[in-house]
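Can you make the complete structure from the sequences, with help from the hints?
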Amino acid sequence: MQELVLLGDEAIALGALHAGLSAAYGYPGTPSTEIMEYLIASRERRGIEGGEGLVASWCANEKTAYEAALGASFAGKRAIVTMKHVGLNVAADPFVNSALLAIKGGLVLAVADDPGMHSSQDEQDSRFYADFAMVPCLEPRSQQEAYEMAAEAFDLSERLSVPVVLRLVTRLAHARAAVRVGSAARPRNPVGKSADKPGWTLLPAYARKRYDMLCAKQADIAAWSGSSSHNVSTPGPKRRVVITAGLGGNYYEENLADYLAAEAEAGRPAEPPARLHVGAYPAPADAIRKLCEGAGSLLVIEEGQPLLEKKLRGILDPGIAISGKLDGALPMTGELNPDNVRAALGLRPRPTAAASPIALPGRPPQLCQGCPHADSYQAIKEAARGLDSVSVTADIGCYALGALPPFSVPDALVCMGASLSMAGGAADAGIKYPIGVIGDSTFLHSGIAPLIDAVAGRKPITAIILDNSIVAMTGCQQTILPSERLREICIGVGVESEHVVVIEATKIKAAENVAVIRRELEYRGPSVIISRRECLEAFRLRKKKEKAEGGRE
Amino acid sequence: MKYDIVLAGVGGQGVLSLAAILARAAMIDGLQVRQSEVHGMAQRGGAVSAHLRISDGKIAGDLVGSGCADMILAMEVLESLRYLSFLKPEGIVVSAAESVVNIPDYPEAEKVLGAVRSLPRSLIVDAAAIAKEAGSPRAVNMALAGAASLLVPIKIESLERGMDELFGGKGADVAAANRRAFELARERSRK
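Residue numbers (our numbering), protein chains in the order written: chain H, 7 to 559; chain W, 128 to 318.
In case anyone wonders, no lab produced these hints; they're calculated from the structure.
Don't take each hint at face value.
As the list claims (entries may be wrong) - Reference listing, derived: stretches of chain H covered by chain W, where coverage requires no fewer than 3 residues with Cβ under 8 angstroms from a Cβ of chain W:
#: 1; segment: 171 to 180
#: 2; segment: 349 to 362
As the list claims (entries may be wrong) - One-sided and incomplete, this derived list gives chain W residues near chain H with beta-carbon spacing under 10 angstroms:
#: 3; residue: R151
#: 4; residue: V160
#: 5; residue: R161
#: 6; residue: S193
#: 7; residue: P234
#: 8; residue: V243
#: 9; residue: L250
#: 10; residue: V279
#: 11; residue: P280
#: 12; residue: K282
#: 13; residue: S285
These figures come from a predicted structure and were not determined experimentally.
Yeah, the Cβ is synthetic: ideal placement off N, Cα and C, and Gly gets one too.
The following block contains the structure:
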């Protein structure tokens, strides 16, 4: 037994390694990225044991990552797939369908939600996906639990032959604490494909049977969660009972001493209220009913959207007053924290230091000084000046910051790949100069299919690929294919070669670049401009690495 | 014993390394530690913060509550004022004296310094100047660690060991400059 300081993400990764992990796939996305980075470091023997023979690779997108993990499970191996919450939308097709499969090697989806949208475009709650797909979900609330639940998830996946979801949130994924870890890793599963053909072939005739089996399996899943040690009932007074889930449990405990003091002050017993903490889903219906028998009211404290709170209204006697996010006792949006949980418990705010004596201007994130995207946006802005029917749809990455001053170039920004498909739709609707701005990695993730649509429909879109050679936003992971391939890909899907132009995103070339963009805007078919210059951070890391490698020789 | 710190700065300054050293040192002392940080978009020149919680007992959550922080430790002076609602009435602000002016509406530097000085308890460290004097402009965060070392419930030997562990791989020159910045700041903040 050894103690290590780990991020929540790293604890999941190490837990998976110690559980006999054979393969790991993912697409970078905050706050999930460090799970794969840890596994890749282990594979490359950078100070983390257990990675010999491990497969750990970034993939083109979350869908291909999930499907690769499915293939490994089919072949008998334990596989993990990692992504952020919105990545699961991309992987939703294989994920939901995989619930019907006869999972062989343990299959675990580690998905990290971002309530509060620290670095995301929404705060959807992945527990709903687990519920929708009818598969078990584990929600750790400490780094230690994250480590332990990884192994449990693999065992459960193999025992019940279903994929298992491990749901993380930012504040656990990106917080460090000491974790007691086991020393010996479980041996890996031998390779051997599933012999259950109908269990892996979702033709309607088989799929109907498989869906019946999944429904029948729900009793086993409920029995597991009903007896899980992660669902903890604590007896106590029932004037007001409490259900906590995930990090909601931590913030509740943080305020408990003050709550008891307030109870004593009000002349009531200073005893913690009866409580259920939920860490394993589906939520344990019997434990909830038992908790609420004879209770006056119920407060539900869960991180994310009100999943439990909504479900309870179908479980409980309508006589009990339920409060939580739906009645405003806790905020519907943003993260839980010690303060809003405190208010929901009816406690006064703690006194704080004086407010700032001066007004503080905001300091939003911005493109780095000298960033190539700045030169690209400047050129696009200049090229579009004076044109009366222009739209600029952008995409997910550092360059999303171009929507803010001083650039303010994009008009719309939705999800991975939407820049190019939306430009096509805008063209169909009658916009004369629809520009789609997309990063190199995002293009490889989900920009190729929209480009095929534009070619097929001969849509006059101008796709501008901001090629900085790296996945910059999430900390400079290698792009899945090198920059040199981008031009070939565009020509390969049918964009005419004279309308696939590579420019250099620098100040010196500004006038020339503006002229190229103007020319391609006037072209009445699909064109692609690859605006190329290495990310400064990637350049810095590359030089550092070269220096370190040179030093060892 | 429980000691909560909110660390503040601008993306790219090394706030997370500072948090990591304090956390490591507290662990060497046998204390419980939780350290929460935000990666991703916030790194790009924007305001960044990290929460560091140290205790000799169980720590329930990763976040510091309003009115709970014993210290705000800032690598940039304007940022030292952004998280005051986390600070206990008797808590202290420890801040680098220097500004990072990367926004158009940044107030006058003197006004910002004056605001920090007007707080009930504050300690301003000429961190950038000290780092330069110590031989490494990147050692600003270690100068702040030196100033904070006078106040946090962590043994000085553990802080020194934490620094050696985290920066040991960066060569003897870097390690020595870090140690000098730490000690110079500690010395000057004592006055």
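Verification of the hints:
1. Only residues whose beta carbon comes within less than 8 angstroms of a beta carbon in chain W count, and the segment 171 to 180 of chain H has 4; three or more means the coverage holds.
2. Under a criterion of three residues with beta carbons nearer than 8 angstroms to beta carbons of chain W, the stated coverage of the segment 349 to 362 of chain H is upheld, 8 such residues being counted.
3. At about 7 angstroms, the closest approach between the beta carbon of R151 of chain W and any beta carbon in chain H falls short of 10 angstroms, and the interface hint on this residue holds.
4. Given the 10 angstroms rule on beta carbons, the hint for V160 of chain W holds: about 6 angstroms separates it from the nearest Cβ of chain H.
5. Hint on R161 of chain W holds. Least Cβ distance to chain H is approximately 5 angstroms, under the 10 angstroms limit.
6. Using the Cβ-Cβ criterion of 10 angstroms, the hint placing S193 of chain W at the interface with chain H is satisfied: the shortest such distance is roughly 5 angstroms.
7. Taking 10 angstroms as the C-beta contact cut-off toward chain H, the hint placing P234 of chain W at the interface holds, the least distance being around 6 angstroms.
8. A distance limit of 10 angstroms between C-beta atoms decides the matter here; for V243 of chain W the minimum to chain H is near 9 angstroms, and the interface restraint holds.
9. Interface restraint check for L250 of chain W: the shortest CB-CB distance to chain H comes to about 14 angstroms, outside 10 angstroms, so the restraint is violated.
10. Nearest Cβ of chain H to the Cβ of V279 of chain W: about 17 angstroms, over the 10 angstroms cut. The hint is violated.
11. With 10 angstroms as the threshold, the beta carbon of P280 of chain W stays out of range of chain H, its nearest partner Cβ sitting at about 18 angstroms, so the hint is violated.
12. Hint status for K282 of chain W relative to chain H: violated, with the closest Cβ pair at about 18 angstroms, above 10 angstroms.
13. For S285 of chain W, the interface hint is violated, the least distance from its beta-carbon to any beta-carbon of chain H being 14 angstroms, above 10 angstroms.
Hints 9, 10, 11, 12, 13, counting from the list given before, are not met by this structure.
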